[in-house]
Amino acid sequence: MKVLAIHLPAFHQIPENDEWWGEGFTEWDNVKSGTPFFKGHYQPIKPIDDYYYDLSKMEDIESQFRIANEYGVHGFIFYHYWFGDGRMLFERPVEMILNNKNIKGNFCFCWANATWITTWHGMDPKTLIEQKYGREEEWEKHLNYFLPIFSDNRYIKKDGKPMLYIYNPSQIPHYDEMLEYWNGRLKEEGFNGIYIVEYISSHNRVLHSEKSDAVMEFEPLYTTFFDISKFNLAKRFICKKLKRVDYQSYDKLWRYKLKRTRTYGGKTIQKSCFVGWDNSARKGRNSMIVKGNTPEKFGKYFKALIDSSRTDADDEFIVINAWNEWSEGAYLEPDSKHGYRYLEQIKNALKKDE
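End of the sequence shown sits at 521 in my numbering; the numbers just go up one at a time, nothing left out.
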């Protein structure tokens, strides 16, 4: 199987963050703000050798692809922030990749369609950038941005179709019409159409279009919200109201994940999983911490997921959350505690699968 890892491109300075959070702010500032909530709690999390990379630098992007290739990660799913009418954030890393044909690796997009609000660090909600949607003129403008990227031979395709994940389809007006439009236009441009994968998550449990091609259960949030017991759901509600940390079990979440047989109207399911989860660096006490994860446990469960047999599962791709969601505790990249051991588990699991 081809392993894809979700990639957060926010590890570089942008003018908007300078304005909102202070000069020089990057995602690393969130990571560094982590504090321990219990004995043995690994916070703040630190990258190996204190390597706080900068994704506006070509050598740091090249390093990520080099490591991914070495340990069997086929490609990255880059979050793509398009707010409408050409307004984007964090587009620079992918555009740098596009301009450097020497980078050996694969990638695709997940349109992270959401209004940005100030919810980090317990702040009162305030809109920073509103996600806007339009009709045909807007769809064409968005597609024109995609076209040179989709045309790159490193962009991941399925059956000759550029693969695009959509984070929250439920928020997109005229969603079916937009997919039809893109599908038709891409055929005009010489592709076989577009391959749409819908995120299924805490905010988005159901299939939203017969015109999409596949679904991907975003973990661990999907399992946490929909597969745990009613007692745990009540506990989550109480923790949120009282602004207390919600603790979940790594082993329990994985057991629920591996035994799940839920279907989506015959839609193809892309297998998916998570490394760990601890978003306390972002949300303080109003966070969720999954306890008990180790590289060895991840390797065991990851291999079990590869070997699991479902007739509706895609046998080509498997998605991991994430490559570098450091302030959510979901990352494969080497850190000061585990080094490269999570990546080694992927390499070993893929060897055994050959």
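It is worth saying that the hints were derived from the structure and are not from the lab. Please note: incorrect hints may appear among the correct ones.
To be verified - Subject to a maximum C-alpha distance of 20 Å in a straight line, what follows is the list of computed SDA-like cross-link-like pairs (lysine to any residue):
| id | residue 1 | residue 2 |
| --- | --- | --- |
| 1 | K378 | R352 |
| 2 | K199 | I181 |
| 3 | K518 | I234 |
| 4 | K213 | G451 |
| 5 | K467 | I181 |
| 6 | K169 | I436 |
| 7 | K224 | I234 |
| 8 | K299 | N335 |
| 9 | K213 | K458 |
| 10 | K464 | R422 |
| 11 | K224 | K169 |
| 12 | K426 | N335 |
| 13 | K426 | F358 |
| 14 | K467 | F392 |
| 15 | K464 | R429 |
| 16 | K213 | S200 |
| 17 | K518 | H241 |
| 18 | K271 | R259 |
| 19 | K518 | G451 |
| 20 | K450 | Q415 |
| 21 | K450 | D252 |
| 22 | K378 | E226 |
| 23 | K271 | R321 |
| 24 | K419 | T435 |
| 25 | K470 | G451 |
| 26 | K324 | K299 |
What the hints assert, rightly or not - For each label pair, taking beta carbons as the anchor points, the in silico distance ranges come out as:
| id | residue 1 | residue 2 | range |
| --- | --- | --- | --- |
| 27 | K426 | S337 | 21 to 29 Å |
| 28 | S223 | G251 | 39 to 47 Å |
| 29 | P211 | E186 | 23 to 31 Å |
| 30 | D217 | M263 | 38 to 46 Å |
| 31 | E307 | K464 | 32 to 40 Å |
Note that CB positions come from ideal geometry on N, CA and C, so glycine has one too.
Legend entry - Violated constraints from the hint list, given by number and in increasing order: 5, 11, 12, 13, 14, 15, 19, 21, 22, 24, 25, 26, 28, 30 and 31
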